[in-house]
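Dock chain B against the given chain A, drawing on the hints supplied.
Listed here are the chains, written in short residue letters.
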Amino acid sequence: MTAHLRVLNVVKSYDGFRNAVNRVSLDVAKGEFISLLGPSGSGKTTLLLMIAGFEQPTEGLIELDGIDVTSTPPHRRNMGMVFQGYALFPHMTVEKNIAFPLKMRRWSRSDIVARVDTLLNMIDLVEHRDKHPRQLSGGQQQRVALARALAPNPDVLLLDEPLGALDKNLREQMQIELKRIHGETGVTMIYVTHDQSEAMAMSDRIAVFRSGSISQVAAPLEVYNAPADRFVGQFIGDSNVLPLQLDPQRPRIAHLDGVGEIVLSELSNPGGLSEGELLLRPERLQLINGLAPPDLNVMRLKVKTVVNYGDSILLIGLLADREVRVRLPGGHRRFAVCEEIEVGWVPSDGHLLVA
Amino acid sequence: MLRVFSFLIAVYLLSPTVLVAIMSFGDAGSFHFPPRSFGFAVYQSYFDSGPWLVATYNSVLIAILCSIAVMVLVVPAAMAQARYRYRGQEMLNTLLMLPIIVPPVVSAVAYYGFLSPLGLTSSILGMVIAHTALALPVTYLVVSASMKGFDLNLERAAMISGASRVRALFHVTFPVLRPGLLVGALFAFLYSFNESAVSIFIAGRNAETLPKRMFGSILTDTDPVIAVVSTLVTGATLLGAVIWLLAQSKTWRSAINWPMGTHAELDRPTVKAGGLV
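Just so you know, the sequences run in chain order A and B.
Mapped onto our numbering, the consecutive letters of the first sequence carry residue numbers 402 to 756.
Mapped onto our numbering, the consecutive letters of the second sequence carry residue numbers 307 to 583.
Treat the hints as calculated values from the structure; they're not laboratory data.
Keep in mind it's a predicted model, so treat the numbers as computed, not measured.
Mixed in with the good hints there might be a few duds.
The calculated label-pair distances, taken between Cβ atoms and stated as ranges, are [said to hold, decoys possible]: (1) A:441 <-> B:457: 16 to 22 angstroms; (2) B:457 <-> A:715: 39 to 45 angstroms; (3) B:470 <-> A:522: 27 to 33 angstroms; (4) A:580 <-> B:457: 49 to 55 angstroms; (5) A:574 <-> B:312: 49 to 55 angstroms; (6) A:474 <-> B:431: 36 to 42 angstroms; (7) A:693 <-> B:457: 55 to 61 angstroms; (8) A:441 <-> B:367: 52 to 58 angstroms; (9) A:441 <-> B:471: 25 to 31 angstroms; (10) B:370 <-> A:596: 51 to 57 angstroms; (11) B:457 <-> A:442: 17 to 23 angstroms; (12) A:602 <-> B:457: 52 to 58 angstroms; (13) A:571 <-> B:552: 19 to 25 angstroms.
Away from chain B, derived, C-beta distances all over 12 angstroms, residues of chain A [claimed, not checked]: (14) 417; (15) 423; (16) 440; (17) 468; (18) 477; (19) 483; (20) 505; (21) 561; (22) 646; (23) 674; (24) 707; (25) 709.
Which bits of chain B does chain A cover? Going by a derived footprint, with three or more residues having C-beta under 8 angstroms, they are [as the list claims (entries may be wrong)]: (26) 455 to 461; (27) 466 to 473.
Ideal Cβ placement from N, Cα and C applies to all residues, glycine included.
Chain A extracted, bound-state conformation (with noise of 0.2 angstroms):
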């Protein structure tokens, strides 16, 4: 397969000796929703600009289907972007606003006419399409700068933190409604965010960043059961990162402080290894009544802190001097602080990690 875009040992350094972004390459196949997800500074927005070309890299390539676009500028690069403040034009109607990366390509004007019309249908805003975009809600505004991104059918669109500014239920109701947009149309968008839930609920691939490089990329599901390391465990996601002793001979098995033996997944330790630390997410760790079932791993634990949500509860756990985060579903009996309980997970959701 050839990547529709592809980012090849890029380097961006502002100031000559430390580098925004540190040797990232990436393929991203055509049609296709990846996260740049990281915290802020971790170098996934001065990627997005250098994937646009408001910046150039310092070093490495930039291919647009095969094509070295590296030192394009912007206006030639046929992608769309929507920017975290939206950016929509103050001085122009929601309609000119969408008609301008048409006028600038100097579309007819029947076809602008047309495309602008059935854009404002896809967004739901016919009826304000001569209105300013200081007249519109933040939702409204978001739609308006998706809809100029698409315009002129980019090949791929670019959003930087694109429901930063929106509020919780909106920004759900956004995240359905880019979804539905990227089913209708089909084009490649990249997702900057450092909100890990929306990354997850979003998108195809996730590409985690950190201090400039790439932990992981990979499917959401798979960065969170298999996290490449503890940053990105931890980063994706409510977590327990526990030291292991592990045993060169036997692969399978290792021992935590405080638990004694435990099994770990298959295929999960490369071997060789004495020492690693094992994930645990807290909706992984089941109560335990009475009897343990013989192939769970069990660990007892002193409740410390007990915080009822409703639909589920977290008990923060002592285990000997360690804390450990337990998610039970909600309608569970009551908990008491320095209560003893026992809980146990199956060696599958143990993920090691490594280094």
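Only chain B this time, still in chain A's reference frame:
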């Protein structure tokens, strides 16, 4: 109490102008206050007087050329200062403010010394050069203030939409910045129009402006035409101030996302240039 105080300040500021305006409607052949009878005789003699009209024409022409020249210099300078960070930037900012700090008479002498070897004294060009330098700081302050609030993503949005850098400037950046740019140009115009010290030194016979002719007139004779000219100049300046206030309220409105504003007229030229619909 505060209101009375502001009223007194207004009286203090305006009374000389009002006195002159009243005198301009007097019928006498010299200054008298209050005038013994009222009429438009002095206005008549202003509009009949060749030298006064030439001076008016010169003033307007120099002010227009000056505001154009100032904008050509200030817009790129303010843009560079707002967008880039480089060594010596702060020093450049201070340098740009220098013409304000130097006393007018000192710069007048300097311009005389600088322009006369070039043969540019007593010429429109010389006046434009001098006024451009002097009007630059105020305009720079206004224009760079409006650029600091400009969202660079607007320009990026234009470029990813298919606009080259230049087209992005003319379709998006300048229209969005227009209120600030207009005020900047207006300040340059008013500065040049009212400037007297440098004009007295270098305007000579060929580029005599209103302020210069007024000084000359008050030294040689007590022609009441000067009252007419003062009134007209004040009127024009007042008009400029009103335009400025209107533009201010517009930037203010767009800054706070005023719904249903008076922005319709702001957009019209862009529509003309763009030509959609």
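Tested hints:
1. A:441 <-> B:457: 16 to 22 angstroms: Hint holds: Cβ distance 19 angstroms, inside 16 to 22 angstroms.
2. B:457 <-> A:715: 39 to 45 angstroms: holds, 41 angstroms
3. B:470 <-> A:522: 27 to 33 angstroms: Holds - the Cβ-Cβ distance for residue 470 (chain B) and residue 522 (chain A), about 31 angstroms, lies within 27 to 33 angstroms.
4. A:580 <-> B:457: 49 to 55 angstroms: violated, 28 angstroms
5. A:574 <-> B:312: 49 to 55 angstroms: holds, 52 angstroms
6. A:474 <-> B:431: 36 to 42 angstroms: holds, 39 angstroms
7. A:693 <-> B:457: 55 to 61 angstroms: Holds: the Cβ-Cβ distance is about 59 angstroms, inside 55 to 61 angstroms.
8. A:441 <-> B:367: 52 to 58 angstroms: holds, 55 angstroms
9. A:441 <-> B:471: 25 to 31 angstroms: Holds: the Cβ-Cβ distance is about 28 angstroms, inside 25 to 31 angstroms.
10. B:370 <-> A:596: 51 to 57 angstroms: holds, 54 angstroms
11. B:457 <-> A:442: 17 to 23 angstroms: For residue 442 (chain A) against residue 457 (chain B), whose Cβ atoms are near 21 angstroms apart, the range 17 to 23 angstroms holds.
12. A:602 <-> B:457: 52 to 58 angstroms: Distance hint for residue 602 (chain A), residue 457 (chain B) is violated at roughly 29 angstroms.
13. A:571 <-> B:552: 19 to 25 angstroms: violated, 36 angstroms
14. 417: At roughly 14 angstroms from the nearest Cβ of chain B, residue 417 (chain A) sits farther out than 12 angstroms, so the non-interface label holds.
15. 423: holds, 23 angstroms
16. 440: The claim stands: residue 440 (chain A) keeps its Cβ more than 12 angstroms from every Cβ of chain B (closest is about 21 angstroms).
17. 468: Fine: 18 angstroms to the nearest Cβ keeps residue 468 (chain A) off the interface.
18. 477: violated, 8 angstroms
19. 483: Its Cβ does come within 12 angstroms of chain B, the nearest being 9 angstroms, so this is violated.
20. 505: With a cut-off of 12 angstroms, residue 505 (chain A) comes too close to chain B, as the shortest Cβ separation is near 3 angstroms.
21. 561: violated, 9 angstroms
22. 646: Since the minimum Cβ distance to chain B is about 52 angstroms, residue 646 (chain A) lies beyond 12 angstroms and the statement holds.
23. 674: holds, 47 angstroms
24. 707: holds, 45 angstroms
25. 709: holds, 41 angstroms
26. 455 to 461: holds (count 3)
27. 466 to 473: Result for this restraint: holds, n = 7.
Hint violations for this structure: numbers 4, 12, 13, 18, 19, 20 and 21, all remaining hints satisfied.
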